[in-house]
Amino acid sequence: MRMALLLKELRECSLYAGLALLAQIHFLGEGMDLPLIPVLMSGRGLEIPLLNVNRETMFAGTAILAAIVIGLHQTMWESWRQTTLLLLHRPMDRSQIFLGKMLAGSLLVFGTSALPLLVYCLWAAMPGTHSSPFYWNMTLPWWKDVAIALVCYLGAFLTGLRTAAWFGSRTWPLITAIVVSLAWKFAPVWLLFNVAGFAGLMACLTVLILDTAERREFP
Amino acid sequence: MSEAPAPDAIVIERLSKAYGTKWAVRDLNLKVPTGCVYGFLGRNGAGKSTTIKMLTGMAHPDAGRVLLLGDDVASLSPQTRSRIAYMAEGHPLYSWMTIGQIVQFVRPFYTTWDQGLVEQVLDHFELSRKQKCGRLSRGQQAQVSLALAMAPDPELLILDDPTLGLDTVVRRDFLEALIQLIQSRGRTIFFSSHVLGDVERVASRIGIMVDGVLRVDCPTETFRESVRKVVLGFDGEPPDFPGCDGLVSWRRVGLELELVVVNWGAPQQAVADSLEPRWTDVVDLNLEDAFIEYTRGTRRSLPLFARETHRADGAAAERTA
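Line by line, the protein sequences are chains A and B.
If you count the first sequence from 1, position 169 lands on 169 in this note's numbering, and the numbers rise without skipping.
If you count the second sequence from 1, position 316 lands on 316 in this note's numbering, and the numbers rise without skipping.
Errors might be hidden in some of the hints.
Covered stretches of chain B (in silico footprint by chain A; criterion: 3 or more residues with CB under 8 Å from a CB of chain A, positions within the stretch not fixed) [what the hints assert, rightly or not]: (1) 51-59; (2) 107-116; (3) 130-137.
Between beta-carbon pairs, the in silico distance windows are [claimed, not checked]: (4) Q180/B / V179/A: 20 to 30 Å; (5) T168/B / L7/A: 35 to 45 Å; (6) M138/A / G134/B: 42 to 52 Å; (7) W190/A / T21/B: 49 to 59 Å; (8) D27/B / V189/A: 49 to 59 Å; (9) D71/B / G168/A: 54 to 64 Å.
Please keep in mind that the hints were generated in silico from the structure rather than gathered at the bench.
We put the beta carbon where it would ideally sit given N, CA and C, even for glycine.
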């Protein structure tokens, strides 16, 4: 039954994930001189992989946007269509249902950010693919972008799940997730603290999501 | 040795829920015996849907508790939930799924899934497995929901206005299928509805909510037979009715005084006679009329659109003087 739930969630958000993946393939493909849509290529390649700030911004923006859309779709769409009533009456703990949803969403966020990034990094690490130096720590800011996307996904999920009378107060989890994770990315701390910080943020949001799911009333 | 009676399928104890300062449900106590088909009635905003949401755990009560098949809803285990089917109002389905896909999605959640029954119900309603749920009519969505609800062979079905928005033919088909399934399996059904004809046909017991309070909980026939409309005819302006035991409401309609009384009998007749009406007419009501008269509410008089000055003799002759 967990597989049924997982497959349903993956299928439901596949359109957004697919579009985001195509965009990432294009942006990162440009960096490898292999753009998906050559007409849209901005300038010639010939760049040092992973050091082009514009490319990283495009990558991060796409990953974060896709994460937010997936998080909101998984919660608000289902609630709006009232299919939550169909789903929540299945014989499964409510926390398990929401963990299943989050697992599916996280996989999609990974699929649209970490997966293309891994290919890009492996290409950059491969000797003979480009005439510039490569060190694995050059990839760190990019992996932090993946972490930011995950935090934003959870923030969007919580925003979609919780009820509030005013739109502004409803969006605070998402706004907080964006601001705090961006600030944490640039915080001058050791890598270990950085990783721990992101993990802590994700853990806090997951606990809040499960608590909200348990307490919330569904129309 | 006598067999122990089956425990009640639903036990509701002092259930209350308020939205802001308004009570949606107040101090509700109810027991639905196993095997009973219970019609849960009330006007819009009477608290039916809120009660059903609390029954299914979708809303949390402010006070009181609900036991379904012996388990508290607040901590309902997946095992117990698998023995309970719930059809939500509007029959929500995933619009992007085909009927076949939604069956495949729901099936793995249950160990007692009866695929044969699903096929039977879908064939009965001539539903193709390849049809998208988003393109189904309301009636067809209800039919798919019924198939999904029945397939795990639940011991308790909770249906929130299952025939809402269905046309007469589809509604009849749906109910007949439901009745067949009930009769063949002897399950407990708790359903709310606005269509009193449906309730009369299916329910063995009814409950009526009025302003968040359960006012009636009795066998359907008992309610129908207990509520009487009594019309008192006068030559001039009817007097105020002084009140009597079982009086639900009274109102003036032209030269008549209409009373709605539960358990009309000699004491009530004596009070009516004290007003010296020209004639008295005790009207039997069907369930729909009884429900309407019972829940119409406050003792307000209908506006007098056309003052009636004389009555047809034929109609008057039928009345008891």
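Item to check | Violated constraints from the hint list, given by number and in increasing order | outcome: Structure breaks hints 3, 4 and 9.
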